[in-house]
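J.: Build the complex from these two chains, which are given one at a time in their own frames, with help from the hints.
Chains as they are written, first to last, in numbering that gives the first Met the number 0: chain A, 0 to 737; chain B, 0 to 158.
Derived from the structure by calculation, the hints contain no laboratory data. A hint or two may mislead.
Claimed, not checked - Heads up, incomplete: computed chain B residues facing chain A, CB under 8 Å, no partners named: (1) A46; (2) A79; (3) G81; (4) R133; (5) G153.
From the three backbone atoms N, C-alpha and C, an ideal C-beta is built for every residue, glycine too.
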Amino acid sequence: MSAVLEAPIGRRSFLRLATMAGGGLALGYYIRPAGLAEGGAPGAAQGDGLFAPNAFIRIAPDGAVTIYSSRPEVGQGIKTALPMVVAEELGADWKTVSVVTAHLDKVFGPQFAGGSLSTPMDYTTMRKMGAAARTMLVEAAAQTWSVPAGECVAEGGVVRHAASGRSLGFGELVAKAATLPVPAQDTVVLKDPRDFKLLGTRVGGVDNPRVVTGQPLFGIDQKRPGMVYAVYEKCRVWGASPRTANLDHVKSLPGVRDAFIVDRTVPAGQVTGLVPGVAIVADSTWAAFSARRELQVTWDAGKMPESSWDDFARQARQLSAAAPGPPDVDEARRDGDIDGALGSAAKVVEAEYSYPFISHTNLEPQNCIVHVQGDKAEIWAPTQNPDGARKLAAQVLGIPPENIQVNITRIGGGFGRRLDSDPVAEAAAVSQRLGLPVKLTWNRTDDLQHDHYRSAGFHFLKGAVDAKGALSAWRSHHVSFGSTMGKDDFPARFVPNYLLLTSNLANNVPQGPWRAPGSNTYAWITCCFLDELAHAAGRDPVEFNLALLGDRDLVPGTGPHGSPYDAARMRAVVRGVAEKSGWGKALPRGRGMGLGHYFSHQGYIAEVAEVTVTKEGGLKVDRVVAVIDVGSQVLNMSGAENQVQGSITDGLNAAWRQELDIQKGGVTQSNFHEYSMLRIPDAPRAIEIHFAKTDHPPTGLGEPALPPLAPAVCNAIFAATGKRVRQLPISKTDLSWS
Amino acid sequence: MSKFKLQVNGRTHEVDVAPETPLLWVLRDNLDLVGTKFGCGIGQCGACTVHLDGVASRACLTPVASAAGVRVTTIEGLSAAGDHPLQKAWCELDVAQCGYCQAGQLMSASALLARNPHPSDADIDDAMAGNLCRCATYFRIRAGIHRASEIAAGSEAKA
Chain A
0 MSAVLEAPIG RRSFLRLATM AGGGLALGYY IRPAGLAEGG APGAAQGDGL FAPNAFIRIA
60 PDGAVTIYSS RPEVGQGIKT ALPMVVAEEL GADWKTVSVV TAHLDKVFGP QFAGGSLSTP
120 MDYTTMRKMG AAARTMLVEA AAQTWSVPAG ECVAEGGVVR HAASGRSLGF GELVAKAATL
180 PVPAQDTVVL KDPRDFKLLG TRVGGVDNPR VVTGQPLFGI DQKRPGMVYA VYEKCRVWGA
240 SPRTANLDHV KSLPGVRDAF IVDRTVPAGQ VTGLVPGVAI VADSTWAAFS ARRELQVTWD
300 AGKMPESSWD DFARQARQLS AAAPGPPDVD EARRDGDIDG ALGSAAKVVE AEYSYPFISH
360 TNLEPQNCIV HVQGDKAEIW APTQNPDGAR KLAAQVLGIP PENIQVNITR IGGGFGRRLD
420 SDPVAEAAAV SQRLGLPVKL TWNRTDDLQH DHYRSAGFHF LKGAVDAKGA LSAWRSHHVS
480 FGSTMGKDDF PARFVPNYLL LTSNLANNVP QGPWRAPGSN TYAWITCCFL DELAHAAGRD
540 PVEFNLALLG DRDLVPGTGP HGSPYDAARM RAVVRGVAEK SGWGKALPRG RGMGLGHYFS
600 HQGYIAEVAE VTVTKEGGLK VDRVVAVIDV GSQVLNMSGA ENQVQGSITD GLNAAWRQEL
660 DIQKGGVTQS NFHEYSMLRI PDAPRAIEIH FAKTDHPPTG LGEPALPPLA PAVCNAIFAA
720 TGKRVRQLPI SKTDLSWS
Chain B
0 MSKFKLQVNG RTHEVDVAPE TPLLWVLRDN LDLVGTKFGC GIGQCGACTV HLDGVASRAC
60 LTPVASAAGV RVTTIEGLSA AGDHPLQKAW CELDVAQCGY CQAGQLMSAS ALLARNPHPS
120 DADIDDAMAG NLCRCATYFR IRAGIHRASE IAAGSEAKA
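The shape of chain B in the complex, shown without the other chains (with noise of 0.2 Å):
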């Protein structure tokens, strides 16, 4: 066991865990912060993303060691009031069903954003891929990035 500052959502937490002990594990047993959601624990299906310094990375494949120092930010922080764009445009076009991958879905897409303000299909395919929705909630996925996007530039409008 070790003792690791992190850096979760602009507050600092203290954990004592075993230094490989993943991001994902820490998120959710340690700090109760259980929006991080695991699905295949080998970086297939993207539920555990998280933003590390602002790039969506896997934590499930983040051992805790290598994110201390570092800027984590989890669903939880993806907005002071669950209003990012994002969020939003999830809300208004009811894109979730089970909602299990969503989350990671989310920051996978508001790193896209981040980099790339007005994506096309071809750019959402890119950065999404890593992203499972067994629902299959594609469809919406991809029109949610776009209203998103909208919603971003200021223009509430519907599309």
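Chain A with its partners taken away, still in its complex shape (with noise of 0.2 Å):
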């Protein structure tokens, strides 16, 4: 039993919570807890002797320093760059930190790792609570020196007295420190950003040495004394329920400990939660795989048995062509006179974009460990969403939420998926079932097949531009599974004559957020429409986007709940990647540049990307170079340049090959033969990433460079080839030329 958790914060006394100014969360904010046993921690042992100024930050005697860092690590780099924020406040020296892992606890606040939300989120926040701690340390060494707090500096884990020339280390300050009253938040005086001297440099993951030693990180290498293996067989088709299965067979099979039908759905009428299945419990994980081969299940026939994608497009079509109005087809949107512009513009271009259903596939199956014991549990999980976790298992216990504990692993993989928490909410069936320790791995066609997708769509576009070569039209149909396009996704207040339609599908696919939910595929159709436009109107599409863009600044959202965009943002970093990319230079047919851009999750990020299509029609993306504006501050240069070109890779990955393909009320791919990912050997060679810094608070990157990689890359093939990719995956469309 070698893999064991970073041990979680021991239980607290002399608890006091302070209500943060501003965000309105409630932080942990107290001093000298008691009964500490944080396992790895430097400085754990001496208990007593540690300076714990707020939830966030311990300093021991011998000066070492730990970081919690509060948000699950998916691999966007939090666990490093969050508690840069803190070390750079307080004035440590990066070297002597340490980060742990905190589990769930209502003292550090929200606690998801979604939305590209961390860091604007916690950023002022970690400010605060770097900075109260150095407040205290550099209190204490005035009051030891009799001189002014002011004329302390704290940095590199000293105190420093200039004048005098005398120093203490932050381990010689912290018996004193601890005695000192923790300052008020709102009187916390921050850095000067000019002064910072870690945020922004380059810094690698906390985690790496562990990570390139295989060391025990992840939720599938935990382990707990007496656990036991399980998985849990779904039916393929959405929504079945298994009514007989051959359960005394599998019992019979070597290792095995229990096999039974768990015949709920938790919450009721919901896919995304515990579904209905067979469940089977081994000594090993291999008992478990090698029985549930000889599983046999007879299901209850799904409440869509028969839907197909062939069937959703059939629909789509068939909607596209209804009147707009009840019950079929909603006006989200309309300004001006649509049908007067078209009806009078020099050019109208009409379109149908399309796109699948694709995974997450987090290369980590999902997994878990859940404890029940009696009225209490304890989970060990791999999600991005620890409270969704505890709430979800509450509801299949039956027990209160705070009777379950939830201890947060390092992740392989995100994008979303682990947002939800079945996995979880499975796992504690079959827990409270057997009251030990389940460690529940679901195999690689689990995951493709009961996935929560990244939602398909179908766009029914029609544009014009006027006589001269504006944009002067924008009809869109959108025919959806759930989510449809909002009144203020772009190019919405930058058309005077506008239409948006939406309609939905009946369907029961289970969906949810993949890595920019909705702007992943959104970028797409619109960038790509407007460059059929631009061409259209004869003119360069930069300028064009450029023009449509206009010359206001902030474009307010429209009604209380609107999204504002900010133009001149957009402007300069479509004018910053048009002039890194060398927008305009010649090439030769085969090769093209296309641009890409997109607003969301408060970024404002433009790509160009550099395509070679063979006369064959084989595709490689040379280059990628991307602008961005995430405000005034990247947290790890590091760090955000690996977002960036994983975002653009993995915008390549979704949008060349990928595609699920769903007969009868199911996916049909088991698994990686039949769902097709990129590899090396496709990846761009070249990725150039510029950071345009502006006068905004800092936001994140998990998810707003992915969206403007696939138009770049399906506007560079049209500029190689006269080829329009309306349909994803590019794959679908003959890309050759002659």
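T.: Quick look at the structure:
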């Protein structure tokens, strides 16, 4: 049982809660916690000697600094970036800082990892946490030396008094600092960002040494004493329930402890929590996997057992011809006189765009450990949403959420999938029956066939340019599977005559957020169709897009929940990417450049792709240039660039060949041999990243660099070949040319 | 169930498991060597890559019976102190994102460098195409292999 988690923070006494100014977050803000038990953390064994000015920071008498990372690490680098913020304000020596993953506890505030929100939500909070501790250490030094605190500076883990040349290490100050009052949050003085030493530099991920030596970091690596191994079979057809199964035979197989039907749906009627299935519990993963191969189940048909992709496409086309109005077609937004503008246009372009359902394909299959003991439970899970996992487990178990402890592990890929906690629900149901720690492991087929998919969609578009070559009309009918474009999605508010119609297809496909939800496809249809219109107008796409963005700066959102759009920020990154990419340079036939730009997750990003298409239709993405405005401060330059490089390559991964085949109420593919993922030979050779710093608060970078990539590539394909890609994946379009 | 003697990372282990049990699960469940990862179970993703007598192999497709008598090296045994040139390069260039595939990437890359100390981009593509990275860190994996090649050649200077 060598695999252990970083131990969670122990039970605390002397807890003092302070309400955060501004954000309204209630964060632990307390001193002198007793009985700390942070397993591997420096100073943990010293208990009383630790300086603990708030939930996030511990400083030991030997000067070792421990910073708690409250957000799950999915590969977005947050376990490094936010502790850097704390360390920066604290004045710590980064080399002496240990970062420990916190478990779920309200003292840390919101702990989900999603929506690229960790940075914008926590940046200022983390600064205050570090600054409050620094204030106390400086005060402790000032009192020791009987000098004004204003003459003392904390840097590199030391407080210095320049005038007298004295200095004391943080460790030497903790005993005194721990006796001082914790400063009120709104009085804490933050550093001038111009004085930052650590933020904005290139720092390697704090877990890198453990990642490259194979240490037990991930959910699937965890073990508990007395643990048993479970698998959970669900029907390929969504919504089907098991009627009978050869449970006696399965139970007689080697290493099998139990096999039983779970015939519940929690929450009732939803497809994204506990759904009915058959559990097998065994002494090892392989015993469970092997027994599963002999499991035979008869299923009651699901709610929509005949649904298929071809059927969805036929229904979408029928809807596109339907007259606007209830019950089939909603009018989401109407500006100007769309029919008049289309009628009087110099040129009208009409196109149908579509994209398929795709999977998250987290490389670490869904898994978790749940141990239910009476009315209490403990969870170890690679979850992006630990609070959601706890709530769902509480519903399944019928116990109060506060009776459940959630331990957050490192996560082998999130991309939104692990905001949903269905594997936790399954493991909870199994552990409740056995009363043992149960490790549930999905196989790849479970993962592909019971994902909560990136939604598919159909967009029926009609656009027009006037005699001056300006975009004069945009008519869009979005036929979706439940989630439609919003009234403020670009280019709404930038076209005088605009109509957005929406329809939904009846379906029971499980769906969920997939990296840059909505934006990851809306950027593609929008920027590709704009490129079509630019060419119809005979204008350069960069110039056409800049003209469309106009001369306004901040364009307000529509209504109280509208989304403001800063056109000046977008113009700047579009201009920037044109300049950095050498836009407009002459290229031979078969090579081309394309532009994509999109505002999502509070980031303004423009990308230019440069591609080569062989006469036979072979595609190569030679180079991608990105210009990125995510505000005033990149936290960790290495991590930020890694996110952009990954988002660009992942955007290509999703757009090029990924497509789920839906037949008879479920996905037909069972593993990677039938679901094509991008591999190293197809990854872009050159990715150039430029951060355009602006005077806006720092925002997240896990998602917004992905949406512009697909349109940049498809527009480059058009420039290279004259062929339009109006259907994803790109591999469905014959790109050959002569 | 049958008993097998396994040579893993220079140590001998005896396990009592079904003969068809994949080496992957023996490593993970029986020997507590969880650095070798499960991704697909059919040899398509490369997350379970280990060395069998120095050859990069998929542990998910290797029955334990066929691993007996073979030198097995896992990520935990790639180097004694986590200082293989690839491990150094991976930390220096901050290659990983989620990190789940990286053990398999490192095992495939180390087998490549062992037979080809200075691989070209095309060599890297050939040797690494069997290893999926869902975070798509391919850009840095390529750079990391080149950097490790330099480190191994004794040139610590940054390219």
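J.: With reference to the structure, classify each hint as holding or not holding.
T.: Hints versus structure:
no. : hint : result
1   : A46  : holds, 6 Å
2   : A79  : violated, 10 Å
3   : G81  : holds, 4 Å
4   : R133 : holds, 4 Å
5   : G153 : violated, 21 Å
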